[in-house]
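J.: Spelled out, the chains give:
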Amino acid sequence: MKDKIEKLKEEILDNLVKAKEEGALRDLEIKYLGRKGELTKILRSLKDLSGNEKKEIGQLANEIKKEIEDKFAEMKKAFSGKEKKEQTDVTLPGEKIGRGHLNPVTIVQNELEDLFISMGFMVLDGPELESDFYNFTAVNIPPNHPARDMQDTFYIDKKNKDGEYDLVMRTHTSSVQVRAMQKYGAPLRCVVPGKCFRCEATDVRHEHTFYQIEGLMIDKNISLANMKAVLETVAKKLYGEETKLRMRPKFYPFVEPGANGEVTCFLCQGEGCLLCKNSGWLEIFGSGLVHPNVLRNGGIDPKIYSGFAFGFGLNRVTQLKYGIDDVRLFNSGDMRFLQQF
Amino acid sequence: MLLSLNWLKDFVDIPKSVTPEDLGLKLSAHTVEIDSVKAEKEKFDKIVVGKILELKKHPSADRLQLVKVDIGKEKLDIVCGATNIKPGDFVPVALVGAILPNGLEIKAAEIRGVKSNGMLCAEDELGIGEDHTGIMILAKGKKGENLAEYFKLGDTVFEVDNKSITNRPDLWNHLGMAREIAAFLDLRLKEPGLDLNKLNKGKGRGEKLKVAVKDSELCPRYMAIAVSGITIGPSPKWMQERLSAVGMRPISNIVDITNYVMLELGQPLHAFDANLVKEISVRRAKKGEEMETLDGQKRELDENMLLITDGKKPIAVAGVMGGLASEISDNTASIIIEAANFEPVQIRKTSRKLGLRTESSMRFEKSLDPNLCASAIARAVELVKQLCPKAEVASDLVDIKNFKLEQGPIAISLEWLEKIIGEKFEEKRIIKILENLGFAVKKNGEKLEVVVPSWRATKDISIPEDVVEEIVRIYGYNNLKPQMPKVLMQAPLINEERKLERKIKEILSQGAKLSEVYNYSFVNEEQLKKLKMEIRDYVKLANPIASQHTLLRQSLAPNLLENVKTNQARYGEFGLFEIGNIFMDLTGAEDKGGQKEKLPFQERKLGVILAGEKKGDVFRKIKGIVEYLFDHFGLAAGFEILEDLPGWAESKTAAKIVLEGEKETALGLVAGLDSRVAASLNIKKETAIAEISFKELAGLIFDKGIKKYEKLPKYPPVVRDLAFVVGSKILYNDIKKEIENFSKLVKKVELFDVYEGEGLGEDNRSLAFHIIYQAPDRTLTAEEIEREQAGLIKTLEKKFEAQIRNF
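Chains as they are written, first to last, in my numbering: chain A, 442 to 782; chain B, 672 to 1478.
Hints listed in this document are in silico derivations from the structure and should not be mistaken for laboratory results.
From a predicted model like this one, the values you see are computed outputs, not experimental measurements.
One should not assume that every hint holds.
Chain B stretches covered by chain A per the calculated footprint, using a threshold of three residues with CB under 8 Å from any CB of chain A [what the hints assert, rightly or not]: (1) 1147 to 1156; (2) 1207 to 1221.
Stretch by stretch, here's where chain A covers chain B in the computed footprint (C-beta under 8 Å, at least three residues) [said to hold, decoys possible]: (3) 683 to 689; (4) 709 to 720; (5) 1236 to 1244; (6) 1249 to 1260; (7) 1268 to 1278; (8) 1434 to 1441.
Cβ atoms here follow ideal geometry from the backbone N, Cα and C, with glycine treated the same way.
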């Protein structure tokens, strides 16, 4: 029985090779695989076998049948010649799958948050409508300091007992510094991303609503050299390993000493271009060692602890990363802008 | 502020190896940001001397003239609006391509049909002075000569970023900057060495000026001296050049001297005509008092302002601006020079109130060193004598003072210094840096005792950290070696809400295909009225910057609708979302600080908006997005009838978002935009909005959004479809619940079709469900399912008067 099947298989395959056109192929199909075909007959006769033999030969027969059917199918395709004649245009586009978009500030903010989390920083929030105390007094900006000017700060139209405005839209995320110290004490490592407000007219370079990410690290023996190392890490993360950091003295009331930070312009690699106004450097953050008054306001003893604080303008960092030339686009809700990210 | 390199060189010998550009960079690195370094020669690039040949009327503009001007190698036609010019005048001509100091680029232009090849300039346009009354008329010059050469400009000018020296009263002058340069280049500072004793020589010895200071708190020091034998005239060229270089217009010798001393030493001075001022009294203004200031404006004064008076009338707003009445005139023969110190906060408030920000007030409001008065008055007298050879001191020097400076000493340990900087410094080096800056340093055991120079002691330097900054900045931040902190390794606390926010943003921007917008936190009344929103408990800005941004939003919806307007012309169907704060004038949760009071209520919301062409579509889709979002956290969103809807919502399509089956959980709402509101907003799309309380949602997710594995069923489910017609008022929620609760064998109920319309009769609709039967312990038999299905149908018929449809 087994031999018979094998022999038939050889015969069929031989004939198949000889078949030159579709008609011949059809004839062969009827001859072997048709209802009264030779292979069909053999398969049918298997039911008369018994036990083990039935199982063994049945399996073999089925395999051979499958093989031959596949061969027929393959030959048929070859004769029909469709594959050759109508070549698929592989350059046609695929089926469109739409997607949504994050605001680019979110993308950069997430990236920075992840970096800081990896260095052991918590991510904190704070109120956007803030008290005069946390926004100014607590961070060493006393009454009558120019930063408190109505020109710079949105005040809330609500006076306190003394007839003064004492609520503001926070002008910086530094307002969370003392809140964080009061809540968590020292040692402390945190970043605070968030929305900030300044009372100024908007144009290509100015926005009254913008985003910052504040950082704060307080511990025993924290030094300026530590601050520089952490900020250098951030700069490299943002703009690549080759990025260099330059720091210069700058006054911020809540730090002492204070410095601002610039990175090598990533567009011209420091050669000087339009973006960096030919200086080769881009200013991206303010920083410094936390002023002892601020530590004290946060209930931390400056004799035991020291720390550094820094703030990045998220809009600016994002603008630089993507080459966005108009700061107003972030708050525009314009999908032509959003869809690029 | 502008600095002249030549002037700085009076006080420090800057080596040739340090180019002006280097010096600018070094100043930026050690002291203060320098915005630009400009050789004056380049200041007037493409601006030349021209001679006016003829003037003609512009054919089509009465106010314009056609000027033919000779610039040597050619003659240009220029259209000009000024009327003070005549043929033969020499004027500055900005050629095509020139960039004026104010940034204006000169281009060839056609003005009302006539070509104009350049521009004739006024003083202010050249940055030489403030005059804009007409074209600047020059003395006879060489036609075509560059203006810088014409003025013989050879200086280099540094532009200082004023904002970076608000904390440094000592830097608003050349001597102070020279001291910095000397410190970081380690050079000797050539102190001017002014001697007050010299002032007491002269024929006026013994003459007393009558001066009274009535408010010594607002005027800690008042010095004055009379000088006679004055001849008013122009100041010498060297002085004019320096003043011009730093943007100060020369006026006359005496006025120029007061300005010169201010720019050199930082002390604002004032000179009165001694014939007009017989005595001086420094007092607060009376309510309603008025005076005319030098700029010719009548000023209304109040009790918080300090005045210099002649005993009766005000002659100057102290430290801000002098009065017109006692001004130096061409006839002035003797003067009183004032060098005083005024309390900074009062100066700041007064100058703000009067809208008068002067070179003088700008300096006083930074807290000037009262000691400066002495050197300044000495320098002024010296210069007066130099410029008016016949001048003589005509009175004793008046010096009324009431001040005390905290000059330390500040004790600093070297060990602490190393700890805080993160680098070891040699003691010698530290002392050198500090001494170069004018500090006196004494060693006391392991500590340095640092005495602060008076010019840094008014508010700038008072604690050891301030001294650290001095050391580090002169050493150079850029020379510090970075070193990562060595701290205990500790996993940070995770901000779960923030993490969830990110997750939600991801879900919405990816699967839900929405784009994330950032909107302003502000809205305005008109906008809210159009949205038919009730204006209650809104937090208001005291000083809004724009009329459309006056109130703090209570909902994300208004600005999301604005986003639809922004995009509707360019996109067919689109969806946006925002996560942001809303505010209400109610008591919130956060401390205000200090007192026990709380801040106004603020909370984060999630807002989604969909815009499309078909009403039912966007409403269904936005509900789908809410369900999709919930599903990520293993939760099912449900929708219930919303009773208290916002004005903008269409009542037919407004629902409360709940956790399915829990009617009382109110997480937010979802609603279509009312078509009348849409029309008033000019929104052309069908629009639906969902707004969810982030806090409630987060609470729910943290509480219940816990995924747990359920064993795969052993026995197969059987699906039966059931369609029936019910009254339109009967809610899906109720029907679904009824089916689900009908029997334990009903595993799941899925709606797959809703049909309203022909053949069903009015107020009817057809609902079609897949009903999935399944038992945990056996394969259900056909009979069993038929029985269940028949029972279910009977229940639905009875409960909802449902009519079963046959497919």
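J.: Are the hints correct? Go through all of them and say.
T.: Okay, the hints, checked on the actual structure:
1. 1147 to 1156: n = 8 at 8 Å, threshold three: holds.
2. 1207 to 1221: With 9 residues in contact (Cβ-Cβ under 8 Å with chain A), the coverage given for the segment 1207 to 1221 of chain B holds.
3. 683 to 689: violated (count 0)
4. 709 to 720: That given contact is violated, which follows from only 0 residues of the segment 709 to 720 of chain B lying within Cβ reach (below 8 Å) of chain A.
5. 1236 to 1244: holds (count 4)
6. 1249 to 1260: holds (count 5)
7. 1268 to 1278: holds (count 3)
8. 1434 to 1441: Result for this restraint: violated, n = 0.
Going down the numbered hints, you'll see the structure goes against 3, 4, 8, while the others check out.
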